[in-house]
Amino acid sequence: MITSLAPRSDFPLLAAAPALHYLDSAATAQKPQVVLDALARFYTYDNANPHRGAYELSARATERYHDARATIARFIGATHAECTLFVRGTTEAMNLIAYGWGETHIAAGDAIVVTAMDHHASFVTFQQLAKRTGAEFRIAELTDDGQIDMQHLATLLDSRVKLVAFPHVSNALGTINPVHEIVAMAHRCGAIVVCDGAQAVPHLAVSVEALGVDFYAFSGHKLGGPMGIGVLWGTQRMLEQMSPWQFGGDMIEVVGDQDTTFNALPHRFEAGTPNAADAVGLAAACDYLSGIGMDRVREHERALTAALLVELSSMDGIQIFGPLDAELRSGVASFAFEDVHAHDLATILDEHGVCVRAGHHCAQPLMRRLGVPATARASLWVHSTTDDIDALLHALHHAKSLFADAVTR
Amino acid sequence: MSDLDELYQSIILDHNRRPRNYGEPTASNRRASGHNPLCGDEVTVWLTVNDDVITDVHFVGQGCAISKASTSLMTEAVRGKTRTEALGMFDRVHDLLTGKADPMTERKTLGQIAALGGVSRFPIRVKCASLGWHAFRNALQNEIASTESAS
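Chain order of the listed sequences is A and B.
All residue numbers for the first sequence refer to the numbering used here, where the first residue is 1 and numbers rise by one.
All residue numbers for the second sequence refer to the numbering used here, where the first residue is 1 and numbers rise by one.
These are computed hints drawn from the structure, not numbers from a lab.
Among the hints, a few may not be true.
[Claimed, not checked] Label pairs and their in silico Cβ distance ranges:
#	chain 1	residue 1	chain 2	residue 2	range
1	B	Y22	A	L393	31 to 37 Å
2	B	Q141	A	N47	31 to 37 Å
3	A	G353	B	T98	23 to 29 Å
4	A	R41	B	Q141	39 to 45 Å
5	A	A19	B	R17	27 to 33 Å
6	A	H187	B	P37	53 to 59 Å
Backbone N, C-alpha and C define an ideal beta-carbon position, used for all residues, glycine too.
For reference, chain B alone in the conformation it holds in the complex (with noise of 0.2 Å):
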């Protein structure tokens, strides 16, 4: 597979076409917003958390294929987990994107994520990816904050 083919993966493709747990929900008790500037990729996180346990994830945003595919991934991964699981999952992805982890490797643990790591042969990529999932993360603390320090 050439490194395009690698990030422009049918799961990515797919989840940009059809982005899974995309829209406002109706209740939620956490949520964060990210920016990134430079781009002015925009994404909006709602989760709701219930005795330490991620209950259900939502997401609206503007943006690239990787930054949209990478959300819609986000929220069916973290979703049942609880909050310390979903913190070391976005540690994993946080290698996986920036070529610390191996794909391969990564793909029996991590599933439909690993799909992810041909982001890392692309470095000016890897903000679009972890956009949502910084989002995630200050959903968790509830926290409204920006994500341009994304890194």
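Next up, chain A with everything else stripped away, as it sits in the complex (with noise of 0.2 Å):
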């Protein structure tokens, strides 16, 4: 039996819901009190345009602004809160990499190696900047077990490759991806390494500066943030030699009538009204994890995913995708289920009340790989039990003698 980590009481959507299975984390994390906590408190007492008013209310904003930004960058093992630029989230990231970077630094001639395993948010954007610029989009293939095939990279890596990118963590399957490995890799043949921490950062320590990336992007709204608000972190010699992308007001420095130079870092990167009330939910979500501590959080879903494939595993007719060793895996399964559609599975667990993802999981080309149309992924975090796992369990049998029974019936 594992209890939850952080008790359910944290969640008010979770304790307003206590038939609730919430095992779509990995879609969206379930919102902790204190971050609604802090999101109030920002727009009650706190709310003024930062950076621009001379009153001492602005002043308040720019300062919760700024602090949050510190608070995140400490939570990501960033030393420079400056070069922790905020974005919408992990897609926007991977486009102000794609505009800012990408455009001036990736030619015709060049390739951008990607794996099979990527997230559309970077496959698709780092796929189009190949075809913008006349760059060999390439992608690294993965292993039975879906992890990435290190030899097949091995394979793709030549001085042509200018930007590769990979998931920290694999959404669809949860694999853990051996970022210094890659890193290093990468770095032998002159490229620059870009790292999608969407599903690393709500369950394992990172430390952005200790994995050697280049860029690292993430989503706030995983790790029980807000939406509409994420992080790029790159280091500062990457980000000055990326180029604006979006324009307008904060991020410049003296605008003339035909020319503008632009402001230092971050708000270089930052154009209009900044997004200051989601950075105080986000920093506010970081101190909620910290005061749990990553590595419990590691080491609660580890448990909780290794009982879960054992579950799974053992009931016929399942297959899981993604390595079966739980110290492999983030607290992800993926698995499809003969002969039951994995929509008409999501249908039957939600009458159960367990909600899990259905779908490609913003992954077609790994889905094409997997050779199936869709697959079922339940989610785990801080607040799920062995609750949460047999009721999913209960729903999956459920499943199973609903469409068994159309044979006999």
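Both chains are given apart, each in its own frame, so use the hints to dock them into the complex.
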């Protein structure tokens, strides 16, 4: 019996719905009360447009915004808060890299490498960058158990490769990728490394500097923060090479009639009124997780995932995708049920109060390789317990009997 | 019957397991495909229309039980119908799926298709059930079109 790491009462939505088994944290996390409080506090006491007004309230809003950036930078092991840029989410971060760095540093004859497990946010963004620039788009294939095929990746890396993108943790498979190894391989051939941390930061202790990547992106809403805020962290060297992508207020220094000089980091990449309230909310989510301890979060999810994999494996007709060793994966179990399509499964599970994601998980290239149109995905977080797993298994058995009856009746 | 039993009636499960008129026909004169990009369901419908009468219907598709069964039921229902009759049926199925028609009263006239009435309790599954019907309607108009705007 594994109880929750964080009490259910920390999450108002879960507290109000005691029968709900929320197993879709990989899509978006439920919000701790402290995050909602931080948002309300900002709008109630500190709301003004940061960086603009010369009055105390605006100064306070500015300070909250800067404090939030510092908290989040600390949470991901970034020494320089100014290298931690606020964006809408991982998708916008990837686009910022493609337009801000890719357009000026990648040309015809160069190559871009992604993996077959990349989320559409990076897969499509860099595929389209390759199309625009005339660069070759190379895809590292996966092993049968859903890990990046490192031998295949090695064959793709040569001096033409300028950018290598991969997820720290696969959203569809849960695979935890060997970041250090990939970084070393990519850097040896002179490529920069873009790591999608959307599925890692909420579940593992992450230190972007220790990982050695050039860019690291994640979304706030997956770690209990608000929707619409995320982070692109980059090394100072990379961010200084990057051109502004969006123009407007806040990002400028001096605007002449014919030319403009741009503000310092991080403001150069944050045009317009910043999303200060959501930054404050995200910082509260980071503080919440720091209070629990990311190592404990990982250990909780690892133990639950191991239990979940054992239960799923023991059921006839279930095919689990990704590594079967819980050490190699985060709290994600993607599976297909023979004869029951993922969407039918999701509807039946929903009737049991079990929320899972069914679909292609924004990873169509991966689904093609797995040979399935869709999978069902159960994902865990700090509030998950063996109760949730039991409810999932109970509902799966119901789905199985419902569809098996079709043969006999 | 629970909502779930209503949705997955034996007719639906049977048509999912043994879809009728499944496979690409050797001859046809109308064709359209439908795709739901949100869930990845795909269907292609082939029709043979002679003198305004639908004389043959086939389909191939990939999707959930609801979409497969609904399309299979459609192929049986529209065969032998005139274009006007079939389009009238499309409208009534749409009403059935969106809860605007009562399955009990429709049972007499719609026959087995009334089994799709259980879908109305599951609004997010309406697109699954209507995908094949939209492909059918597009095929009648001889257009190759996506039904992602299905409603």
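Going down the list of hints, with the structure as the test:
1. Distance hint for Y22 (chain B) and L393 (chain A): a CB-CB separation of about 33 Å, consistent with the stated range 31 to 37 Å.
2. The given range of 31 to 37 Å is broken by Q141 (chain B) and N47 (chain A), whose C-beta atoms sit roughly 54 Å from each other.
3. Take G353 (chain A) and T98 (chain B): their Cβ atoms lie about 25 Å apart, and the range 23 to 29 Å holds.
4. Restraint check, R41 (chain A) to Q141 (chain B): a C-beta distance of roughly 57 Å breaks the suggested window 39 to 45 Å.
5. Distance hint for A19 (chain A) and R17 (chain B): a CB-CB separation of about 32 Å, consistent with the stated range 27 to 33 Å.
6. Our hint of 53 to 59 Å for H187 (chain A) and P37 (chain B) is violated, since their Cβ atoms are close to 37 Å apart.
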